[in-house]
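Visitor: As a plain string of letters, each chain reads:
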Amino acid sequence: MALNILVCVKQVIDTGAAIEIKDGAVQIEGLPRVLNPYDEFAVEEAVRMKEADGESTVTLISMGPEKFKDTLRKGLAMGADKAVHLLDPAFEGLDSLGVAQVLAAGIRTLDYDLILCGRQAVDDDMAQVGPALAVLLGLPFISVITKLNVGGDGKSAEVTRQIEGGSELIETPLPAVLTCQKGLNEPRLPSLKGIMAAKKKEIAVLDAAAIGFDAASQGATANRITQVDLAKPPAR
Amino acid sequence: MNDGKQIWVWVETLAGQVKPVGLEALHAGKTLAEQLGATATAVLAGGPDATVPEAVTGSGVQQVLLIQHPHLDPHNSLGLVEAFAAQIQSRQPAVVLMGATNHGKELAPALAAKLGVGLATDCIALDVEGDTLKARRPVYAGKAHITFQFGEHRPCLLTLRPNVFRPSQATAAEAAPVETVTAEIPEDGLRLKIKDVVQAAGRKLDISEARIIVSGGMGMQKPENFRLLEELAEVLGAAVGASRPVVDNGWREYSNQVGQTGRTVSPDLYIACGISGAVQHLAGMSSSRCIVAINKDPNAPIFDVADYGIVGNVLDILPVMTAEFKKVLSP
Ligand SMILES: Cc1cc2nc3c(=O)[nH]c(=O)nc-3n(C[C@H](O)[C@H](O)[C@H](O)COP(=O)(O)OP(=O)(O)OC[C@H]3O[C@@H](n4cnc5c(N)ncnc54)[C@H](O)[C@@H]3O)c2cc1C
Ligand SMILES: Cc1cc2nc3c(=O)[nH]c(=O)nc-3n(C[C@H](O)[C@H](O)[C@H](O)COP(=O)(O)OP(=O)(O)OC[C@H]3O[C@@H](n4cnc5c(N)ncnc54)[C@H](O)[C@@H]3O)c2cc1C
Chain Z
1 MALNILVCVK QVIDTGAAIE IKDGAVQIEG LPRVLNPYDE FAVEEAVRMK
51 EADGESTVTL ISMGPEKFKD TLRKGLAMGA DKAVHLLDPA FEGLDSLGVA
101 QVLAAGIRTL DYDLILCGRQ AVDDDMAQVG PALAVLLGLP FISVITKLNV
151 GGDGKSAEVT RQIEGGSELI ETPLPAVLTC QKGLNEPRLP SLKGIMAAKK
201 KEIAVLDAAA IGFDAASQGA TANRITQVDL AKPPAR
Chain C
1001 MNDGKQIWVW VETLAGQVKP VGLEALHAGK TLAEQLGATA TAVLAGGPDA
1051 TVPEAVTGSG VQQVLLIQHP HLDPHNSLGL VEAFAAQIQS RQPAVVLMGA
1101 TNHGKELAPA LAAKLGVGLA TDCIALDVEG DTLKARRPVY AGKAHITFQF
1151 GEHRPCLLTL RPNVFRPSQA TAAEAAPVET VTAEIPEDGL RLKIKDVVQA
1201 AGRKLDISEA RIIVSGGMGM QKPENFRLLE ELAEVLGAAV GASRPVVDNG
1251 WREYSNQVGQ TGRTVSPDLY IACGISGAVQ HLAGMSSSRC IVAINKDPNA
1301 PIFDVADYGI VGNVLDILPV MTAEFKKVLS P
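These protein sequence lines are chains Z and C, in that order. Sequence positions in the first sequence follow the working numbering and run 1 to 236. Sequence positions in the second sequence follow the working numbering and run 1001 to 1331.
If we strip away everything but chain Z, and leave its shape as in the complex, we get:
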């Protein structure tokens, strides 16, 4: 059963990095950037599914500035087939709903049977994009999954998801949006061969016009929440 698996990946500041705050913003220039650790679980799961059936396709999708290409390359080096980069100055400064809207618009231009996200991005930690994206696409969603079994016909999946003090076993029709949690798998380190192969893989760039994004109604000025302060936590 050949599935089109989409994996949403975000580039984040390495959590080990010391941060400096100036004028209400984190000075991110020069800080080490990594593929969001939870997105690694998502990429790994997709690549394993593809390796298991030998015919599925894994496509990465990311919205962010030019630098995000490094992150897409990392996912390609782990074994994803191709990538879509949603890149446009109009996408800057969006709140979570805005990010989900851009991703949804990008995804509508693609074929998909399954969409995997991370549980949350470890910099902004909003944990919003997955479920929001699902609602915008009209798909069912299950978050913080630790086990995934796609049915033989590729039309449904059985998923284990974590709750406080236990877990739930849930069956969902596909396509669906699932957000990945630690415990799902052990992400691989890209091999040298994988890194070389990634250089030749396609990263398609889609801008605002290509996905029919309307800056006036969907851009940063339409944000539902706005930042008023960013500061070091109060000293203990």
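The set of hints was computed from the structure by calculation and includes no laboratory data.
Chain C regions said to be covered by chain Z (calculated; three or more residues, Cβ under 8 Å): (1) 1094-1106; (2) 1142-1148; (3) 1184-1197.
Listed next, the in silico EDC-like pairs over lysine to aspartate or glutamate satisfying Cα-Cα at most 16 Å (straight line): (4) C/Lys1134 x Z/Asp229; (5) Z/Lys147 x C/Asp1196; (6) Z/Lys232 x C/Asp1304.
Estimated spans, in silico, between C-beta atoms of each pair: (7) Z/Glu92 x C/Val1128: 26 to 32 Å; (8) Z/Pro173 x C/Gln1035: 41 to 47 Å; (9) C/Glu1179 x Z/Asp153: 39 to 45 Å; (10) Z/Asp229 x C/Arg1091: 30 to 36 Å; (11) C/Ala1055 x Z/Ile195: 53 to 59 Å; (12) Z/Ala231 x C/Ala1085: 33 to 39 Å; (13) Z/Pro32 x C/Asp1297: 21 to 27 Å; (14) Z/Pro32 x C/Glu1324: 43 to 49 Å; (15) Z/Ala231 x C/Asn1299: 25 to 31 Å; (16) Z/Gly30 x C/Ala1085: 41 to 47 Å.
Every residue, glycine too, gets a C-beta built ideally from N, C-alpha and C.
Guided by the hints, dock chain C with the ligands onto chain Z, whose structure is given.
Guide: Below, chain C with the ligands alone, put in the same frame as chain Z:
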């Protein structure tokens, strides 16, 4: 019920029991209602014979809304989004609060997208300025706090970090009236089938709900030594947490991992035993009220966030602590 401003609080239940964070959210909701001159409503969901626990009716809220549907027991996120959104659209609350549990963290963003409104997740402080609601939340692994302000879309949605908004004392209020509605859930809300809900054996205190956590790191040296932590936890009525390498080594279960890739906890007391205090660990526990660190290395970064530090061998110190607490705490 459409007159005046309403603050809604989704009170999460598990097998008919209210989660502690649900009561905390109620407390936060009542406080907000007072500040905004609004009323507080507790919202619960369940099957056709679900009832409302006394802890909710007597919590001091003005009203309780119970949403019933066969498909909502056990918890079903898709069904609840449809049912909840319909109630919000018809009654138009100004604010909806819920606990930042796994269910709350899934429900809130879906509701926000469905209603096209703003959401701040995992908040640790709320503030009202005139008619504007502000929420503070940790970002960058707790290395910074960001404050958001909501625009004009209503309702404002917020999830609250467990253990942070605790009422200082239990209030006994007159029982609030309960309005029961039967939800109509469209096809789309019926797509998920919950096949099983598994509770961990013994149902030990979950670390995100515990008031006291004793947590062990690689300084515990081997899995057998976690017995020392279990013993202290037993005496203190605490839960046992762990750092990531401890979990990666298979010494403890993943559900006990504290930190950025584990659980976020805010207990009254967090005792870090043989934990170096890496930023990813701090991300999960630095909002604890009081932190005690035991480490043999006086320069360990955990001491930077600790309120009390003990420098020494944790394997020697733990049995002494357990014995002393036993003396003090036994009647
Ligand atoms: C007012 C405001 C202004 C902001 N301005 C900026 C800004 O100028 N620049 C900036 O970088 N951020 C900005 N942000 C932060 C940005 O909105 C967040 O990145 C966004 O809210 C998503 O939240 P998150 O990153 O915590 O992702 P989460 O919701 O925690 O992410 C969950 C999962 O969704 C997927 N995902 C998330 N983001 C992306 C993405 N971009 N591409 C593909 N998949 C993704 C991943 O699978 C991820 O694991 C701003 C936020 C606000 C509220
Ligand atoms: C993306 C990412 C995510 C991560 N997520 C998490 C996470 O969620 N949670 C987490 O915990 N870590 C996480 N980590 C790992 C984190 O960086 C640290 O490696 C980890 O927290 C260290 O665990 P530790 O303190 O138990 O071990 P160590 O760093 O090895 O520290 C052991 C400590 O014990 C002390 N010690 C040794 N023997 C004794 C003794 N006899 N008595 C007293 N003290 C003693 C030592 O002085 C030392 O300070 C993450 C890392 C990354 C890169």
